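Please build the complete structure, drawing on both the sequences and the hints.
Given next are the chains, with one letter for each unit.
There are 2 protein chains.
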Amino acid sequence: MSRFGDATAVERVADGRYKVELDQTFGFAEALNGGYLMAVLARAAVDASPHEHPVSTAANFLRVAKAGPAEVLVESRKTGRTAAMSRVTLVQGGEPVVDALITTGTLESDLEPHWTGEAPPAMPSPEECSTFASGKDDRGFADNVEMLFDPASMGWLDGRPSGRLEARAWLRVPDYENDGYALALAVDALPPVVLNVGAKGWAPTVELTWHMRAVPRPGRLAVHGGGRLVAGGWFDEEVEVWDSAGRLVAQSRQLARVGRGLPG
Amino acid sequence: MSRFGDATAVERVADGRYKVELDQTFGFAEALNGGYLMAVLARAAVDASPHEHPVSTAANFLRVAKAGPAEVLVESRKTGRTAAMSRVTLVQGGEPVVDALITTGTLESDLEPHWTGEAPPAMPSPEECSTFASGKDDRGFADNVEMLFDPASMGWLDGRPSGRLEARAWLRVPDYENDGYALALAVDALPPVVLNVGAKGWAPTVELTWHMRAVPRPGRLAVHGGGRLVAGGWFDEEVEVWDSAGRLVAQSRQLARVGRGLPG
Numbered sequence: 001m002s003r004f005g006d007a008t009a010v011e012r013v014a015d016g017r018y019k020v021e022l023d024q025t026f027g028f029a030e031a032l033n034g035g036y037l038m039a040v041l042a043r044a045a046v047d048a049s050p051h052e053h054p055v056s057t058a059a060n061f062l063r064v065a066k067a068g069p070a071e072v073l074v075e076s077r078k079t080g081r082t083a084a085m086s087r088v089t090l091v092q093g094g095e096p097v098v099d100a101l102i103t104t105g106t107l108e109s110d111l112e113p114h115w116t117g118e119a120p121p122a123m124p125s126p127e128e129c130s131t132f133a134s135g136k137d138d139r140g141f142a143d144n145v146e147m148l149f150d151p152a153s154m155g156w157l158d159g160r161p162s163g164r165l166e167a168r169a170w171l172r173v174p175d176y177e178n179d180g181y182a183l184a185l186a187v188d189a190l191p192p193v194v195l196n197v198g199a200k201g202w203a204p205t206v207e208l209t210w211h212m213r214a215v216p217r218p219g220r221l222a223v224h225g226g227g228r229l230v231a232g233g234w235f236d237e238e239v240e241v242w243d244s245a246g247r248l249v250a251q252s253r254q255l256a257r258v259g260r261g262l263p264g
Numbered sequence: 001m002s003r004f005g006d007a008t009a010v011e012r013v014a015d016g017r018y019k020v021e022l023d024q025t026f027g028f029a030e031a032l033n034g035g036y037l038m039a040v041l042a043r044a045a046v047d048a049s050p051h052e053h054p055v056s057t058a059a060n061f062l063r064v065a066k067a068g069p070a071e072v073l074v075e076s077r078k079t080g081r082t083a084a085m086s087r088v089t090l091v092q093g094g095e096p097v098v099d100a101l102i103t104t105g106t107l108e109s110d111l112e113p114h115w116t117g118e119a120p121p122a123m124p125s126p127e128e129c130s131t132f133a134s135g136k137d138d139r140g141f142a143d144n145v146e147m148l149f150d151p152a153s154m155g156w157l158d159g160r161p162s163g164r165l166e167a168r169a170w171l172r173v174p175d176y177e178n179d180g181y182a183l184a185l186a187v188d189a190l191p192p193v194v195l196n197v198g199a200k201g202w203a204p205t206v207e208l209t210w211h212m213r214a215v216p217r218p219g220r221l222a223v224h225g226g227g228r229l230v231a232g233g234w235f236d237e238e239v240e241v242w243d244s245a246g247r248l249v250a251q252s253r254q255l256a257r258v259g260r261g262l263p264g
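Residue numbers (the UniProt record's numbering), protein chains in the order written: chain L, 1 to 264; chain E, 1 to 264.
Since the hints were derived computationally from the structure, they do not count as laboratory data. Keep in mind that this is a model prediction, so the values were computed, not measured. There may be inaccurate statements among the hints.
Just so you know, same-sequence chains aren't split out, so a pair can sit in one copy or run between any two.
Cut-off 27 angstroms, straight-line C-alpha distance, at most; resulting in silico cross-link-like pairs (DSSO-like, lysine-lysine) [stated by the list, open to error]:
#, residue 1, residue 2
1, 78, 66
2, 200, 78
3, 200, 66
4, 200, 19
Quick look at the structure:
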C-alpha cells in the first residue's frame, strides 16, 4: 500500500465507529491538510454504505486536527438505491474537529458524459511545470503528493502575484491508483488562490463542498483553481479536477478566511 | 410581515429546538421548494447563534418535506468570534428531512469587495423578461416569489432548449426586504438548468451548498444559473445572485438527479 493508502486507512471498531491514525506528513506547520482529512472521512462513509463512491461531501472545519489517533463517527441518515446519506464527524480529544455530510453512490467506471461545458483553460504540460519545492515545513506533503505547478499561477512566490484568483497544478499520488479518495485530496491541495491577489500565509478553510463526478482514469490529474470574490476577510475558491482522458472528475468550492496582507 | 416572512418564522420552544409551520404555497406539486426550506433552517441557526448572517449552508435533502408542522433542531458545534458552526436538521413525522451544516457570521452591511472576478453575462432588463406563468400547480410559488425570466433561457418551455446548462431571472420577494433568507430562496428558485439540454420534469436536489457573500441592497436580484456536467443521471447547477448595486451577494452549487428525457 502507498503512504496515502496507509495514512487514510480506517478501522471499524463498532457500527458507525472507526479508529484512524492521522499522519503528520499530510500536514503543514499550521494544520493537517483538509483534503487528507476528507479522504479519511470518505473512506469511513463508504465503508458504512452499500455504495462505492463518495459522490458528495460537505465539510465544516471546526478545529485544527493534530497528527495521531482520532475517531470517525458515521451516522446513516437515509439509504436509497441511488444514494445513501450520512453525517460524519472526525473526533479528537473528545471534540468534533470536522463535521461532514457525505452522500455515497455508485458511478459506472466507464461513464461517458452526456453533456459537458467548456473545458478549463489550457495548462502547460507537466514538463513545463515546476515543483517549486519550498522549505522543510511542507517537505512531507510534497513527498506524499507530487505536484507540478503552472508557473503562471505561482508568481506570488516571488512577490509578483498575477492579480487573479488562480492556482493550477498537475497532481499525482505516488504508488496509488486514482480514486475518489485521491480526488478528495486533489480538491484541497493547491496553494490558496488568494495568494495571487496579495494575501500572505495560511488561509484557513471554513467550509468545503466537493462532488465526485466520475471515476478518474490512471495518470496525472489536472487541478484548476479559481475564485470569484474576496470581501470582508472571506474568499471563495473553486477547484475542478480533470483526468488524463480529459473528463471532469471532481469539482469543489470552499469558503475560507484570508490570511495576512489584505484589508478586512 | 410578508408571506415569506410568515412562512419562514421559527418559534423557539427549547434550547436548539424550534417549531415551524411549513407553507404549502412555497411548493410545487412534487415537493416544497428547497430554498424555502433552507431559509427556515437558516433562521433557526441564526437565532441560536451570536452572529447575524447565514454565511455558509450545506444541505442534504433526505426526504420530501410536506406542508404543515415540523421541527428544526440546531446543535451548536463551535462558537467563535468570526464564525459559529452548527448542525441543523429539519424533522417531520419523526424523521430527518433535511440535514444541514450552517456557519453563521456577521457581514458588514456596507462591505465593499476587495476583489471580484468578471461580472456575470449580461441579462435583459426586467421589462424585456417574462413571468412565463405556467399552470395552477405552481401559482402559489409564483405569487410568493416574483420572477421575470430571461426568454433566451426559457426555450425548453416550447420544445426549443438552448443546448446549454442555463437559467436566468430577476427575483423579488414581494413586501419583503432583501436579506440572507431571501438569498437562500434565490439560490434554488430557478427552473433546473438541465431542462435546457433536453431533460424534462422535476430534478430532485441531493445536495446544495450556498454562501452569503454580502448583505443584499434593496431592489431586484439578478439570478444567474449555469452548470458544468451531466453524467450518469447526475448534474451540477451553479447559481450566482447579484444585487441592484452590482455586487455578488450569494453563490451556490447543487448536485441533483436528472428527471426524465435523458440517458442515464
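Each hint, compared with the structure:
1. 78 <-> 66: between (31 angstroms within a copy, 17 angstroms between copies)
2. 200 <-> 78: between (42 angstroms within a copy, 26 angstroms between copies)
3. 200 <-> 66: Result: close within a single copy only, 23 angstroms intra versus 48 angstroms inter.
4. 200 <-> 19: So residue 200 and residue 19 fail the 27 angstroms test inside a copy (35 angstroms) and across (45 angstroms) alike.
In terms of the numbered hints stated before, the structure departs from hint 4 and from no other.
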